[in-house]
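Start from the sequences, fold in the hints, and give me the full structure.
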Amino acid sequence: MQTIALNDTLSLSRLVYGMWRLADDLDTSPGHVQRKIEACLDQGITSFDQADIYGDYGSEIVLGGALKAAPHLRAQMQIVTKCDIMLTSEKFPERRVKHYDTSAAHIIAATENSLRAMSIDHIDLLLIHRPDPFMDAAETGWALDGLVQSGKVGSVGVSNFKRHDWTLLQAAMSTQLATNQIEISLVTTDAFVNGDLAFLQEFGVKPMAWSPLAGGALFSETHSHIFGALERIGSAQGVDATAVAIAWLLAHPAGILPVIGTNDLARIKKMSDATRVDMDRETWFELYEIANGHEVP
Amino acid sequence: MQTIALNDTLSLSRLVYGMWRLADDLDTSPGHVQRKIEACLDQGITSFDQADIYGDYGSEIVLGGALKAAPHLRAQMQIVTKCDIMLTSEKFPERRVKHYDTSAAHIIAATENSLRAMSIDHIDLLLIHRPDPFMDAAETGWALDGLVQSGKVGSVGVSNFKRHDWTLLQAAMSTQLATNQIEISLVTTDAFVNGDLAFLQEFGVKPMAWSPLAGGALFSETHSHIFGALERIGSAQGVDATAVAIAWLLAHPAGILPVIGTNDLARIKKMSDATRVDMDRETWFELYEIANGHEVP
Amino acid sequence: MQTIALNDTLSLSRLVYGMWRLADDLDTSPGHVQRKIEACLDQGITSFDQADIYGDYGSEIVLGGALKAAPHLRAQMQIVTKCDIMLTSEKFPERRVKHYDTSAAHIIAATENSLRAMSIDHIDLLLIHRPDPFMDAAETGWALDGLVQSGKVGSVGVSNFKRHDWTLLQAAMSTQLATNQIEISLVTTDAFVNGDLAFLQEFGVKPMAWSPLAGGALFSETHSHIFGALERIGSAQGVDATAVAIAWLLAHPAGILPVIGTNDLARIKKMSDATRVDMDRETWFELYEIANGHEVP
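Protein chains in written order, with numbering that gives the first Met the number 0: chain A, 0 to 296; chain B, 0 to 296; chain C, 0 to 296.
To be clear, the hints were calculated from the coordinates, so they are not data collected in a lab. Some hints here could point you the wrong way.
For identical chains, the list gives no copy identity; a pair is met inside one copy or between any two copies.
[As the list claims (entries may be wrong)] Below, simulated EDC-like cross-link-like pairs (lysine to aspartate or glutamate); rule was C-alpha separation at most 16 angstroms, straight line:
#1 Lys97 - Glu294
#2 Lys161 - Glu288
#3 Lys151 - Glu281
#4 Lys161 - Glu201
#5 Lys97 - Glu288
So, in structure tokens, the structure goes:
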């Protein structure tokens, strides 16, 4: 599988395995998680996407269990995680409302906590999970720079940032932000025209895409017209609709890295089908227009 | 008539004659088209706006017929044309959906085709017709730079671009983009406040305005309140409502070049009336507020 | 009270007294106005916000009456005023429609007029009141630079500008714009996420906030859920809801300077309570979410 260089020190596999629901699986044993990781690695999917909050603060711990049991896996993996969302949770009974925290103290503590939870001593890529309307860019930038300098974090980036969030934070940092992980799918196509992709392309930054299958909504009745087109295109190439939906993102010149999450071992084994789909320009527009419900202007 | 320098090598006449409907006229003979061109030139309107798709890929050919019959006209004209829209058309039966193509191969082929269709060896200004959500800026920019370097195209620009589209493409080019042709009229006033004009003014770029009369909608019942005001102002100055509507654009400090299309020889002869209208600041706002249906805040 | 440096030459008090309704008070005598100014100064509120149009062009004159009667006050005050809105008014019977005027001639004349009305020879900070869709940035920038160079105006800034308005005008000036006075309150929270605050933070510019209490709407039935939360938080700290609403702005890292207008001497005396409120991050988000009617995403 192709790898994509986010900067001089970090390359991710073109497809990234998302661990959003890792803790929701019936089987969260180290052995089963190890099999998922190995199923990814078998296809060249070497990059894994986490966040401190996934699985109500449980997903990093589940991954940590597997890495403790099979520490040889770590060297073959790039681990991405995120911080700044503060969920209300039984684990934090004193917390009153969901909020964000981009203070230096929290970012540093969250990083230490993620390292401990995952039983690792290095995070390859740490992302600010959501733009924080209360962000002090100087403080946040200083914390992120410091984590890179300390070696605890290899690269830093953001998620769900608009251009103004990006330029505000970047202007306060010496490290270059490595990526912006944003929502892009056939159900959520705004990024192609509203500037969210354009500014990343202009800055030479490769985006990651969360929910590239719209969290499963692509397979719902509401979107059956899109799914029908995906199936038609896929069946002509011997792949399923999912592979075509992902290939639609891969074809875009921005160099999008889709984050695909599934707990189904069989589906993991088929993820790389997406990289083998032919997606010419006109077919890309055909899907885009079916998804939008109208022609381009 | 005033000319406006778009850059060091290209000046257009303040009013541009739009050939959007050239192929729709009952008489598309070379002689009749020549009379239209001469009616423009008589008033100092020396710039002519085309696109490969106008008239279902027919308008450039109609113009080419006239230029073949009267080749002396060419030296007095600046010819603007556009590419990247791929219409579904009986002329392209294999095309499945309307789409855009900003690939280098297409831009170069479309330029060659426009040169051939218009029987000319040089396009003064080539525009990317619509922002392409699938644009590879490096490739598109390389193609545009190459066309300028080859001498086949004098200057290049864009149409309907937002700031993020512009900066993405410009950052990938060595040539400076010469203009952005956008929709501006009393019916479509967003550009005055949403940044579409502001960024062009900031970059020192003169905009062209398409549909400055809202494609005729300005004369419809819906907009009779605007038309009434235009007539009132016009009659006090001995010009018609159309001239006032165009003058409203000319008065703006951005240096807007309206593209006016009409197949009516008598109206062509009256186009330059717009340049003789007095339009003071308060009258400009009066029309702006009537058009918007409310006072400025 | 804390002061905030807008640039090397101008610092304002953290809270600014707004004179929007100064001329609407029953008592506009020099003595009564002097008592208001002294009530502010007593708390360290040394900055006063005016505009030529306030009180139907009357508020600057009311202030001027007090400064004529008690000229010693001037040296303790920073006076902010604004121009470019052209109200229809019995005072300008020839004016047909509300509009803006950012021409050099008007800006210079308006400044002279404000100096005369307030009986002062120096304006500390002159703001363009509203972005003008008809602005010629070169001309407006030249006029503002000139007023600073002449010494009649200490610093210049803007109000209600979007990023594109700001960069357009700033690019045409040698003086740095000192602030952008925008609407921010618990009822109008867009600026925290739409880039209006982010670009100011990125450029190192401190914003002023107009209507920080939403012009009183915060105390209306519609917003009783917000008011209830403010009262709850305030009563725990021995201050009233108003102080908490202002403290919510003060807590933000952008360094917001709220402009508070009241003709009630007793309320003026309590304004600085806002600076004594504790506002931690989670409480900030609690109010933000109550105000927005939903959690952060």
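Hints, verified against the model:
1. Lys97 - Glu294: So Lys97 and Glu294 pass the 16 angstroms test across copies only (7 angstroms; inside, 40 angstroms).
2. Lys161 - Glu288: neither (24 angstroms within a copy, 20 angstroms between copies)
3. Lys151 - Glu281: Neither, since 45 angstroms and 27 angstroms both go past 16 angstroms.
4. Lys161 - Glu201: Cα proximity of Lys161 and Glu201: in one copy and across copies (14 angstroms, 14 angstroms).
5. Lys97 - Glu288: between (37 angstroms within a copy, 9 angstroms between copies)
Hints 2, 3 from the list above are not met by this structure, while the remaining hints are.
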